[in-house]
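Asks: The lines below spell out each chain.
Protein chains: 6
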Amino acid sequence: MAKVITLGEMLLRLSTETGQRLRKAYNLEVNYGGAEVNVAIALSLYGHDTRFVTRLPNNLLTDGMLNYLESYKVDTSYICFGGERIGSYFVEVGAGNRSSKVVYDRKYSSVSEWDKSEIDFSEFLKGQDVLHISGITPAISKAAAELTVELVKEAKSHGLFVSFDCNFREKLWTIEDARKTFKRILPYVDICSCGELDLKYIFNYDVDAKLSDALQLANLYEQLLDDFPNIVALYSTKRNQISSSHNTLIGYYYINNTLYMSNEVNMDHIIDRVGGGDAFSSSVLHGYLSKWEAQNIVEFATTAAALKHTIKGDANLVTENEVMDLMANGTKISR
Amino acid sequence: MAKVITLGEMLLRLSTETGQRLRKAYNLEVNYGGAEVNVAIALSLYGHDTRFVTRLPNNLLTDGMLNYLESYKVDTSYICFGGERIGSYFVEVGAGNRSSKVVYDRKYSSVSEWDKSEIDFSEFLKGQDVLHISGITPAISKAAAELTVELVKEAKSHGLFVSFDCNFREKLWTIEDARKTFKRILPYVDICSCGELDLKYIFNYDVDAKLSDALQLANLYEQLLDDFPNIVALYSTKRNQISSSHNTLIGYYYINNTLYMSNEVNMDHIIDRVGGGDAFSSSVLHGYLSKWEAQNIVEFATTAAALKHTIKGDANLVTENEVMDLMANGTKISR
Amino acid sequence: MAKVITLGEMLLRLSTETGQRLRKAYNLEVNYGGAEVNVAIALSLYGHDTRFVTRLPNNLLTDGMLNYLESYKVDTSYICFGGERIGSYFVEVGAGNRSSKVVYDRKYSSVSEWDKSEIDFSEFLKGQDVLHISGITPAISKAAAELTVELVKEAKSHGLFVSFDCNFREKLWTIEDARKTFKRILPYVDICSCGELDLKYIFNYDVDAKLSDALQLANLYEQLLDDFPNIVALYSTKRNQISSSHNTLIGYYYINNTLYMSNEVNMDHIIDRVGGGDAFSSSVLHGYLSKWEAQNIVEFATTAAALKHTIKGDANLVTENEVMDLMANGTKISR
Amino acid sequence: MAKVITLGEMLLRLSTETGQRLRKAYNLEVNYGGAEVNVAIALSLYGHDTRFVTRLPNNLLTDGMLNYLESYKVDTSYICFGGERIGSYFVEVGAGNRSSKVVYDRKYSSVSEWDKSEIDFSEFLKGQDVLHISGITPAISKAAAELTVELVKEAKSHGLFVSFDCNFREKLWTIEDARKTFKRILPYVDICSCGELDLKYIFNYDVDAKLSDALQLANLYEQLLDDFPNIVALYSTKRNQISSSHNTLIGYYYINNTLYMSNEVNMDHIIDRVGGGDAFSSSVLHGYLSKWEAQNIVEFATTAAALKHTIKGDANLVTENEVMDLMANGTKISR
Amino acid sequence: MAKVITLGEMLLRLSTETGQRLRKAYNLEVNYGGAEVNVAIALSLYGHDTRFVTRLPNNLLTDGMLNYLESYKVDTSYICFGGERIGSYFVEVGAGNRSSKVVYDRKYSSVSEWDKSEIDFSEFLKGQDVLHISGITPAISKAAAELTVELVKEAKSHGLFVSFDCNFREKLWTIEDARKTFKRILPYVDICSCGELDLKYIFNYDVDAKLSDALQLANLYEQLLDDFPNIVALYSTKRNQISSSHNTLIGYYYINNTLYMSNEVNMDHIIDRVGGGDAFSSSVLHGYLSKWEAQNIVEFATTAAALKHTIKGDANLVTENEVMDLMANGTKISR
Amino acid sequence: MAKVITLGEMLLRLSTETGQRLRKAYNLEVNYGGAEVNVAIALSLYGHDTRFVTRLPNNLLTDGMLNYLESYKVDTSYICFGGERIGSYFVEVGAGNRSSKVVYDRKYSSVSEWDKSEIDFSEFLKGQDVLHISGITPAISKAAAELTVELVKEAKSHGLFVSFDCNFREKLWTIEDARKTFKRILPYVDICSCGELDLKYIFNYDVDAKLSDALQLANLYEQLLDDFPNIVALYSTKRNQISSSHNTLIGYYYINNTLYMSNEVNMDHIIDRVGGGDAFSSSVLHGYLSKWEAQNIVEFATTAAALKHTIKGDANLVTENEVMDLMANGTKISR
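Protein chains in written order, with full-length UniProt numbering: chain A, 1 to 335; chain B, 1 to 335; chain C, 1 to 335; chain D, 1 to 335; chain E, 1 to 335; chain F, 1 to 335.
Isolated chain A, as found in the complex (with noise of 0.2 Å):
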């Protein structure tokens, strides 16, 4: 198994609960959530060794944060304390036609103000295999983006393995903030979550559209590819949104020249789908760190994904042995 770390912003998350719109709302339903923490803690849940990185203020909320990574072994050792805020959101459950909603209150937060000069990376970096970092640090504020370059670059020096998710969110930058930020990370990156839109949006590649889904996704990858020959690994899921309380899911996993696919997962009566994209990559980092087969690692990934969708709050909380036998057996009663 190996040391994980991962750098990013952790969020209170304030939830609705199912047909109460925001608005009604008399009680919120606390969890955490940030792509980094949930990849950690996935990672954690497979049996990896974990430590996630942030800078937080030191109040009461704080408390429960820090309860919440180390009761998923997660190690908080290195966080920081300092700033005035704790990012958070409000998610109003969506239903049926019913979209799910985000209010975003992450302006000025502790993360947002962390000055790369405040931090000696090589305390943290040190004696770790794998770095994770998600698109959405850098795009929190300048210096945050200047801090995840920063870190890519020591994490590559001190000989990590590093895992970058783009996860574009345009509320938060640009798409040329994002390409100017990504073309100066991607050179450091080892595998990375990259999606068709993605390729095609802010990395601005061209593909023949009368091609398959498949296909496409390959071609743009090869692109990718002959800019960034350090990376070793692609991968990405495709969603159909049938409701918000139904969507398939394809996974893809492009590893020495071939696409693999996985089978569509149907996610019927789905309880919360945030965090899916993070269970995800942490499955896929999970078996590329596990040395399983492409096809393999895809399958798992989607399925750990399904899996995430019928979970409360950001965390897939499922282990290694959950994934595969719900790979399997498919879903049955087990008594």
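Wrong hints could be hidden among the right ones.
Since the list gives no way to pick one copy over another, a pair counts as held whenever it fits inside one copy or between any two copies.
Straight line, CA to CA, 20 Å or less: simulated SDA-like cross-link-like pairs of lysine to any residue [claimed, not checked]:
hint, residue 1, residue 2
1, 171, 335
2, 210, 261
3, 126, 57
4, 332, 89
5, 107, 157
6, 107, 89
7, 3, 70
8, 171, 58
9, 200, 173
10, 171, 333
11, 142, 84
12, 183, 60
13, 24, 255
These are computed hints drawn from the structure, not numbers from a lab.
Following the hints, position chains B, C, D, E and F against chain A.
Replies: Relative to the frame of chain A, chains B, C, D, E and F by itself:
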């Protein structure tokens, strides 16, 4: 935006949580209903100036009812206080193959004992543009039927545009009583919600059963318009009930000798279907008042009604933008 | 209406709310289960006089169990007090692709240590018409197996009609132990629930795998009847598990050399599947005791079992009228 | 143990959670009440055979009411079905300086329209030892008053011991009406709950205000006994309301020309005071029927009433042992 | 009744349930607060016409805030939309010996970045009778301080009666900043809430510590009036905190050279103390506007503040009648 | 800060909500307990490095237990997996005059069947500074008693400081068995919690009953120290139970021939008293390890124990600062 007045009975609604039978319920969720209340709130959220008139006893429960109406800026200043009871109903919320069941407890309510002689109609009709009323109000009691007939006459004489939703409820009165009263009301109505079953069994119109649903409905509407040529527009929905949690819905809107029909909306993962008809009525009325094109009106109203099925409580707590967004983009998480 | 006695273990059931994993549950919903308890309650709601016999320690939890039984008029006056533990089980309720999981904690329960020598069977069998017992009871412990065999013998000698539901649970005993015990019980049984897998793997009957499901089952039933010609009727269900929230169900009922098969019922939006088998058993028994026609019995029982899936808790809290209404009218809101 | 019958109105009770005003309540807790229901349940838990008679409409709410009664083994087989409404009441639970407030909605209930001519009293009185009834029942309506008078006469003629709790409620009737009806009832009463205010303002007895509370009460009881020498025992409580959450209680019991008075019980941290009087009545009755010494009866009843204040819902869910234990040992954790 | 305008920050409040530490909270109760919001609602329930002015971003949370204000008929039509954040705060509700703890997250709120140059004060002051503002508003930011000073000047010049509650919060600003700003505000103030500690440490007045509390306060008020002779009336409370659940409260009101002092109110079983000061302020203001006698005003306000402690949420959801009833009759169940 | 190891049974705790009897509970709150678990968590929050050792079966419930321990950074890596049951207990939470009641279901737990021969004590004792264990562990079973005696011997031989809390539970074993085992344990103990009743009835020491509580306790401690001169410090509390919701507490701490006694703390509005003793023990141990003055230790520990009574669950979720703050400032809202 129009000044819209509605008058009717406001009900206290007590519902079980999903999966619980009423006999085992240890908690009931509080909501408020009533067809005209629901329409007033929906129109208020669409941007109209609304007023709701009713008669209620004055007690601690009434305070909550007034707060509820006022929270959506429905004008409550013409509500009368008197009588002995708040009409109420209990909903055992169904799921899957188990039907929802309603237990009414609305006999002897303040509205049911409201005599038209107590009312100075001009007081609250003056300056208003539109009156909406449903066929539930005249069904409550003989006094309420007389009051309703008088109300539509007065509204007409004050120059209001009159909207009427037949909404026949067989637990409240007989087909014969409904027929007699509807025939007294319809000469004053400008826009009317009336379904195929109403037209066949209440108004006794015949139609060739071999025709398609849409052609039958168009034919029936033409017969109604022969009798009540004052009516400008007619509408209704066709619901297919696959289970308590899964219905489909088609909307119909008839104007200028043409029947417009919406796409069929799939409503799976239903949260609360009560108020779906009122969501449709208020949306047709909003479209008509906004002078939208007919096809647009019927698509908008069907989409709005579908959204209602995803929200707890009787009222359709959505804005025009939210309905438009679903029509344009389908169900996508917004973040 | 018949006087029906059931005997078995009554369990305390603690369930998570939907979407919550057991490891994060801060609240558990309290219900009570046990195959024979479920059958007693269902038959009581169908109008029969029922009695449930078991052994329980005497503490504050037992008070709740007795209240539960008595609330459905199940006679508790022959329940013995003794032993040390109430058997219990925890249900992590699944959703979508995530299976429900059961953690049993029923070892050393009062029933498991109940010796038949302590029991005067005629005391509670006298005057009763029907005994129902499941294959879970003999699986609990050696003592319980002896007690069960003795019970069916005594019931037969007191002239009772004996109903037995094989209900093999591999977590409780081995196929070999089940086979031996079932063979001691079946000579006294009049009506028996026994599925295809039981017939193949417990009773070791062979069948041509190329036949349809129904023909295979009919053939297997014939073999069982060759060995136990005392059995009058046999039944089982075939469940297709699309996901935790979506199953389909077909019921089978074999009598007078004919296999009757229900329509396949679509059970989407499942709330709680525990107790579905007991709902089917009690409904077949009710139909048999009511002398209904075979096809009617199997449709009724399948519909009743489907209704169970929409209700929280193990017991099928429905009346005969409610099942009939669903058979006749489908799922329609009743208001 | 005695066979005790009670007759009266059973109410659906809907309560707010502590700290919530009714106008903002989004959830109401479901309980069932009614003075005679509460007494029947308390006596059932003390070990008596109890029966409750009333009139109820037949709907899904009634099912829950019957289950509730049956769960405590109260015989419901003589409950009549008819009429249109279940009487109900809403409780805004007070706290600290804020009083609890009750909104009744019991007009036109099935019991209020129950005519004595419909009833064959001997059917349910036959074989019973004791009748308990409260002064709320005759207050409901004229018909109910006539029914009550007839009931006590019939009970007496069937040889039952008659227990009556005056329980004057000024929201239900006038002092004059209460006086007239009580004077028709009391000649048939054996044991009676009657407080100082009842004696002064309903029965118009005078007493020297300079005497101590106890001496005044004794004097008033003597006057009542002069008028109704058939009464064997009298009792009441004196409550001091420091706040909604903190009361004190003294019990009085008069028999054989002597007034027995309990220690004053401090009731701080009150959970639910509704049903406190019924807990006292049922406990005095239990003590009397058990032939305990007078001082023991009044201490037991006061302690039992105090326990009621710690339990949600109207019924005093305690056993004789639990009351005795509190009397003997005070409040100690039992582990 | 008066037309009262208040201006300030509206806060989203998220509270734990009693007995739960924030670090373990899985659910938070939603309420809304802000000193001026609380005063507006209380005055609205007392019958005044109220208006609340603030600046808020426009999102799904804002919808709920507007609905909340409107439900109590507070006019929201002058609320400005802009800025980036809704100020919020988390309350870990204390109990017994454990203090309540507040975590603020109100930095960078829309109100804190509201420049007075954006505002046309006459637009919303015109036609109003009274302005109420608290010392929290100028504490939020420099811009807010300037805005507040301008507001009271403008209010005065529009002929409004100005009410100011000093409400010093040391987490928001320094004593020095408060002193400077208060001195700019007070020349325009007619009625002012100001406590002993404010007078000693902010205004630096000396007083003979050997005098009684009341005499000290009177002396301090005289010194303040020497400096700001425009002030007509002054008030404050003295709270004794026995525990989080048990306080006592004395109200003081100074007018026409006389200090009036209420009875000490015992507030045991506190549900929620947040908003107690605003309940007092709004009640003094109501009494003053109603031209009640001074002693009556201070008793009323202290009783009203005590009631607030029994109600969840910041607002004092009581009517004048309810306060009067508690003053006259103490705490008695009303049924 | 010290390295502290504790070993014992971890329990699943299921509690009713306040005011609900267990027989009517439809929901139970999940917590985890066990004396040594509680001490480990409290010490972890005080800043020590803690480790908890136990034996548990491996199932979905165990996952939650491990997450709980890890969330407070208690090292779980030496927990053994085996056996069949998780010990559990149900708490019917009392209020006012109604006592809390505990129903244990811990027979046959994994710990009770843990044989010392399976254990390599040096594996987890090595490198630790302090061992804490309670008298509940040896009471569980004969095997557990042997294991405990061996454990303290081994701890001593590894140079650990041994802390022992007698904690006699009469439901688990007899006074005689406790006496024999305690006498085998005490020779290895450095600091010991032992109350007056333990000293009199388990150790059979006599004392002059006319002496004050404190003098009696000092005298009894001297006798114990005569027998076990190895003990450095002794402590206990005296609780006065006014009601379930209101207790008072005095702490005693004996060291260097002197008995130190805390102020009496008033604990009104108790939320959850379970774990109060463990809060006291862990706080004395923390004070001792921090080399505080004796009087300070006993005041700190009593205050910490009082705080525990305000928090749901067994563990005392407070920091050293929070206890200090209450000692210094009393109960004040912090905002």
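Asks: Going through the numbered hints above, which ones does this structure break? Give me the numbers in ascending order.
Replies: 3, 5, 12, 13
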